[in-house]
Every structure is written in C-alpha cells, then in structure tokens.
Amino acid sequence: MVIVFNYHNEPPRLSYISLSYFRWVFWISSAVPTTHYCQACKKNGFCRTHQVACPVYLKVFYYRQGSTGYAQKCIQFDRESAKDAQTPETFDVHDVDEVQQVTLLGQALYNYSVWLVKMREPLEVNDANGSPVDQFILRLPFEDALMPNQITNEVASRKFITTHLPHIPVPKVYYYQATDDFSTSFIVEEFIDAKPLSEQWMSLDRSQKEELAQKLATIIVDLAEIPFDKIGGLDPIDMSPAPTVEACQTYNGRANFHREECYPIGPYNTTKEYILACYDREIYYYTHASEDDIDVDLFFNTSVDEFVKQLREKRDALAATDIVDEPFGLVHGDFHGRNILVRDNQIMAVLDWAFAGSYPLSETIPCGYIDIVEPQSEEQCEENKEWHDIIRGLLLDEMLEREWEETEIDLLMWGGNHELAIARGEMFPNWTDTLVTYPE
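Just so we're aligned: 337 in my numbering is position 354 of the sequence shown, and the numbers increase by one with no gaps anywhere.
Errors might be hidden in some of the hints.
As the list claims (entries may be wrong) - Using 20 Å as the maximum straight-line C-alpha spacing, the simulated DMTMM-like pairs for lysine to aspartate or glutamate come out as follows:
id, residue 1, residue 2
1, Lys297, Glu357
2, Lys142, Glu193
3, Lys255, Glu243
As the list claims (entries may be wrong) - Simulated restraints on C-beta separations:
id, residue 1, residue 2, range
4, Arg295, Leu383, 37 to 45 Å
5, Met185, Glu243, 30 to 38 Å
6, Asn239, Ser360, 33 to 41 Å
7, Ala300, Gln160, 39 to 47 Å
8, Leu99, Gln197, 27 to 35 Å
9, Glu244, Arg385, 40 to 48 Å
10, Leu187, Asn239, 23 to 31 Å
11, Glu193, Tyr267, 24 to 32 Å
12, His401, His147, 26 to 34 Å
13, Lys292, Asp176, 51 to 59 Å
It should be emphasised that the hints constitute simulated quantities derived from the structure, not laboratory data. Glycine included, every Cβ here is placed at the ideal spot set by N, Cα and C.
The whole structure should be built from the sequences, with the hints applied where relevant.
The structure is reproduced here in structure tokens:
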C-alpha cells in the first residue's frame, strides 16, 4: 500500500495518518511555555494577573512574586524550557498502526510546533527523489498563526528558493494544507538529519566558524539580490505577490485582524503604502482588540484612546511626506543559528520561511543583528557580538566583490528610512507619552 502526499492542495489519495490524531498531539504540545503563555491560567498571550513585563528585555515576561506555585523566572522560550515543561516529548501511538513514534522537536515562538513522525513501513511520496521515506517532519501552526497565509508563504518561499537559488538548501515539502482554520492546516516535509548551528557553534574551531560565516554572508547577499517590484509574501501556485506575513502581525491577538477588511495586508506597491498600512494595523488593533489582549500595563502614562490619537496623527503626517522607495529584495525574516541546520561543517538546510517575503533592502537584517548562538552566558553573548561583526565584514566584502552600488551597500549595512523600521514593529507608548515600537 502507498501513501502519496501531493505537493499542491489536493488531498492524499490514501491517508494512513489521521490529522485529528496529530491535532490531539498538538493540543498537548501547547502546554510548552513561550514568551506569550501563562502556565498558571493556561492563557495564550501576556497575562496581567500572573505575569509582569521585564523592564530590560523586550517581550520577556516573569511571574509575579507569589502569584503562582511557579518560580519567578523568565519564560522566554528555548529548548531547555521545553524540556522542563510538563509536556511529553514522545507519545504512545499504539492506536495508529502505521505510526511508530511521534516526537516533539521544538516550537517556534510565533508559528509552528515541529514533530518528527516515524513510520513502521516506508511511505512513497512524490517529491523524495523516488525513494520511500520512513520519517518526516510535521509542522502544525499555532492558534494565533496568520492563516492561511502563514502556511502558503512558507511553502511558496521554499519553492521559490529551490527554483531560483537551488544552492541554498531547504527541506522538501511533501504535502500541505492551508485553510482559514489553524486546526486543519499543516505541512508535511522532509526530515533533515542535521543539528542547528546554534547548538554546534561553540564546539567548532576557528577555521570551521570562518567557513560557515562566509556561507551565511553569501546566503544573505544572494537573497537580497533577488529583485521584486512589490512588498509582500508569495503565492505558492504561481509565485505572484501575496499578503505580507510578519511575526509582529501575530502578537497579542493581532492575528485576529489579519484580513483585508481590517487593514490593507498587501502586497504593496511602494514603501509609503506599506508604512501607512502598518499604522492602519496598529490603529485597528487598539480600537478593536479585547482588553485581555491589549497590554494595558504599558499605558501607565497615557490611555489607549490617547495613544490611538497619536498613531492617527503620526499616520497623517507620514501620508503628507514623500518617502523614497528602496530596492525590494528577498528577506528571510528569521535568519539566525537556530534556523540553520549543519552537518560536517556544511549547511544542510535553512528553516522557517514563514515570515519571508520581499521587503526594502534595509530590512535584510532586521534590527541589524545576526544571532549565531542562543546566549545563555556572558561568553556566548560575546561570541555573538564577535561573529556578528565578522559576518557584517564578510557581507561588505561580498557586496563589493559583486560590484553593488554604494547606496545599496549603505542600505543593507547601515539601514534606511527610520520610519520604516518603526512601522515594521509592534507599537507601544513609551514613558514620555510618545510613540515607540519594538522591532521584530
């Protein structure tokens, strides 16, 4: 017997695996803590009852002293917190004869839980070089994912890379389903037998690090050189421009309003059109979101209504301003060591393309920083800083070798329009009652 996962949105001709079974597994997985999850009341999003925002690290929250039985600690998601959570990493699958084991590999903060599924008998799939597979990756979107665009953009971005930049390895997609409902959407993809660069980096010698740093710089420049005439995501059918898919669009209930009747979700013809739409997003959010979603603890010097007034005034001012377009290039959107799989000092895959898209050149490196390791110590923080600077130098060398224009080099290296950087983030009032945002 054969199972066929089609690359497009037709249903499989024969399905051994019950999607509802994996959905049951997913409900269990949602107990893993993330930055926006309260273990006390099982609430997604920042919980004012039990949590308090960290005054130093953006989007990191702690439990209020004495509010629960949990320790007062940062719950920013990482692999260690996942291991400590009350969530089994493997599950009894005796009731699904064809499945041998399902293992939770991890969760991304704002997009998927990721599962390794091992089958008792190999399956034939139509995009595995003719070879049956006995294991694959199952990606399941979270409830606050931007459906269906988050799935379609992930798939489209990988197809685009495979076609236009085949030297950049990405996992093959065997089958996907993208609906308006997160519970009926998923991606089945190739399992890559490799480890995240963030886990391997500290054990590498200097020459190995230099070799990988050069490869990362080359990938970044390769992506930036792909020209687009609009800002937006991609459609998996014909690679045409599609709505943007960005992490900030999922924060604190914003995903509920990611549709055209709420604000223009793209694609956008100009940078100015995009910036104004970002303000429309925040204005709509703060005028329609529930009190449970809006982080009112950040409004101690002003009111939500007053802040909305500030947003509208700023939008009107920008609408009357000339904003020069930068070149639009392909941006990964989540490029760091956790999303780079390596083996034997070779890059085996670049993961997590859900937030990829065409954006102004100055947004190639969001926040201007590249994390190689997940900093858990002062040594690792220094390691990140050292190699971030080295990679930036390699980026400059790469662009000069390819004879980039000086203006384009400046945009990628040093940033462009300040208003664009503000617009791409989640907007809050600051302590002086003026507009502030926290970029992705």
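Taking the hints in turn, this is what the structure says about them:
| no. | hint | in the structure |
| --- | --- | --- |
| 1 | Lys297 x Glu357 | violated, 36 Å |
| 2 | Lys142 x Glu193 | violated, 29 Å |
| 3 | Lys255 x Glu243 | holds, 18 Å |
| 4 | Arg295 x Leu383: 37 to 45 Å | holds, 44 Å |
| 5 | Met185 x Glu243: 30 to 38 Å | violated, 46 Å |
| 6 | Asn239 x Ser360: 33 to 41 Å | holds, 38 Å |
| 7 | Ala300 x Gln160: 39 to 47 Å | holds, 43 Å |
| 8 | Leu99 x Gln197: 27 to 35 Å | holds, 31 Å |
| 9 | Glu244 x Arg385: 40 to 48 Å | holds, 43 Å |
| 10 | Leu187 x Asn239: 23 to 31 Å | violated, 43 Å |
| 11 | Glu193 x Tyr267: 24 to 32 Å | violated, 47 Å |
| 12 | His401 x His147: 26 to 34 Å | holds, 31 Å |
| 13 | Lys292 x Asp176: 51 to 59 Å | holds, 55 Å |
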